[in-house]
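S.K.: Starting from the given sequences, assemble the full structure and let the hints guide the process.
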Amino acid sequence: MGLEVNMCIKQDTVFTRFKGELDEMSVTDIRAKLCEILRKYDVKNIVFNLKDLSFMDSTGIGMIIGRYNQVKEKSGKIILCDLNQNIEKIIVMSGLLKICTLRDSEASARWFLGL
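Residue numbers (the working numbering): 1 to 115.
Read the hints as simulated data drawn from the structure, not as lab findings. Watch out, some of these pointers could steer you wrong.
Here are the simulated PhoX-like pairs of lysine-lysine, each with C-alpha atoms no more than 20 Å apart in a straight line [as the list claims (entries may be wrong)]:
1. Lys-44 x Lys-10
2. Lys-19 x Lys-72
3. Lys-72 x Lys-10
4. Lys-89 x Lys-74
5. Lys-77 x Lys-40
6. Lys-40 x Lys-89
7. Lys-33 x Lys-19
8. Lys-19 x Lys-44
9. Lys-89 x Lys-51
10. Lys-72 x Lys-98
11. Lys-77 x Lys-33
12. Lys-98 x Lys-77
13. Lys-33 x Lys-72
14. Lys-89 x Lys-44
15. Lys-10 x Lys-74
16. Lys-51 x Lys-19
17. Lys-44 x Lys-98
18. Lys-40 x Lys-72
19. Lys-33 x Lys-74
20. Lys-33 x Lys-44
M.R.: Structure representation (structure tokens):
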């Protein structure tokens, strides 16, 4: 199926929306794009909207952990929002909620960040 990605920057936050499968085949490009954005722009937070994500494997989890380590250096946050039931199970089992904030919607994530 592949992966469609939409990224936009609002103030100090990059909003990333996924549609499809976040796996070993797609994670390399996403990682590179997010690293470039964090390096080039005054961004310290990442919001991952996972509403339309149909699959995520361990490389997707690893990519989120890697971005957490980057934003942590800037005192930033990783926010996961709009999780569907299957992805929520993966997120909970992986332990990502120990390092990421969970919000119901992108609007709730914006409110949480004061945007």
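S.K.: Are the hints correct? Go through all of them and say.
M.R.: These are the hints, each one checked on the structure:
1. Using a Cα cut-off of 20 Å, the hinted pair Lys-44 and Lys-10 holds, with the two alpha carbons roughly 11 Å apart.
2. For the hint pairing Lys-19 with Lys-72, the CA-to-CA distance comes to about 26 Å; that exceeds 20 Å, so the pair is violated.
3. Straight-line distance between C-alpha atoms of Lys-72 and Lys-10 comes to about 19 Å, which keeps the hinted pair within the 20 Å bound.
4. Pair hint Lys-89 plus Lys-74 does not hold up; C-alpha atoms about 29 Å apart against a cutoff of 20 Å.
5. This hinted pair checks out: Lys-77 and Lys-40 have alpha carbons roughly 18 Å apart, not beyond 20 Å.
6. Between Lys-40 and Lys-89 the CA atoms are separated by roughly 34 Å; this puts the pair beyond 20 Å, and the hint is violated.
7. Distance check on the hinted pair: Lys-33 and Lys-19 sit about 16 Å apart at the alpha-carbon level, within 20 Å; holds.
8. With a C-alpha separation of about 23 Å, the suggested pair Lys-19 and Lys-44 falls outside the 20 Å cut-off, and the hint is violated.
9. In summary, the hint linking Lys-89 to Lys-51 is supported, as the alpha carbons are separated by about 13 Å, within the 20 Å threshold.
10. Of the supplied pair hints, the one linking Lys-72 and Lys-98 holds, its CA atoms being roughly 13 Å apart against a limit of 20 Å.
11. Pair hint Lys-77 plus Lys-33 holds up; C-alpha atoms about 18 Å apart against a cutoff of 20 Å.
12. For a cut-off of 20 Å, the pair hint linking Lys-98 to Lys-77 stands: about 12 Å separates their Cα positions.
13. A threshold of 20 Å between alpha carbons decides the hint, and for Lys-33 with Lys-72 the separation of about 18 Å falls inside it, so the pair holds.
14. Between Lys-89 and Lys-44 the CA atoms are separated by roughly 27 Å; this puts the pair beyond 20 Å, and the hint is violated.
15. Only pairs whose Cα atoms come within 20 Å are accepted, and Lys-10 paired with Lys-74 is accepted, the gap being roughly 16 Å.
16. About 8 Å separates the Cα atoms of Lys-51 and Lys-19, which keeps this hinted pair within 20 Å; it holds.
17. Of the supplied pair hints, the one linking Lys-44 and Lys-98 holds, its CA atoms being roughly 18 Å apart against a limit of 20 Å.
18. For the suggested pair Lys-40 and Lys-72, the alpha carbons sit about 17 Å apart, so the restraint of at most 20 Å is met.
19. At roughly 18 Å between alpha-carbon atoms, Lys-33 and Lys-74 fall within 20 Å of each other, so this suggested pair holds.
20. The hinted pair formed by Lys-33 and Lys-44 meets the criterion: a straight-line CA distance of about 15 Å does not exceed 20 Å.
Violated hints for the displayed structure, listed by number in ascending order: 2, 4, 6, 8, 14.
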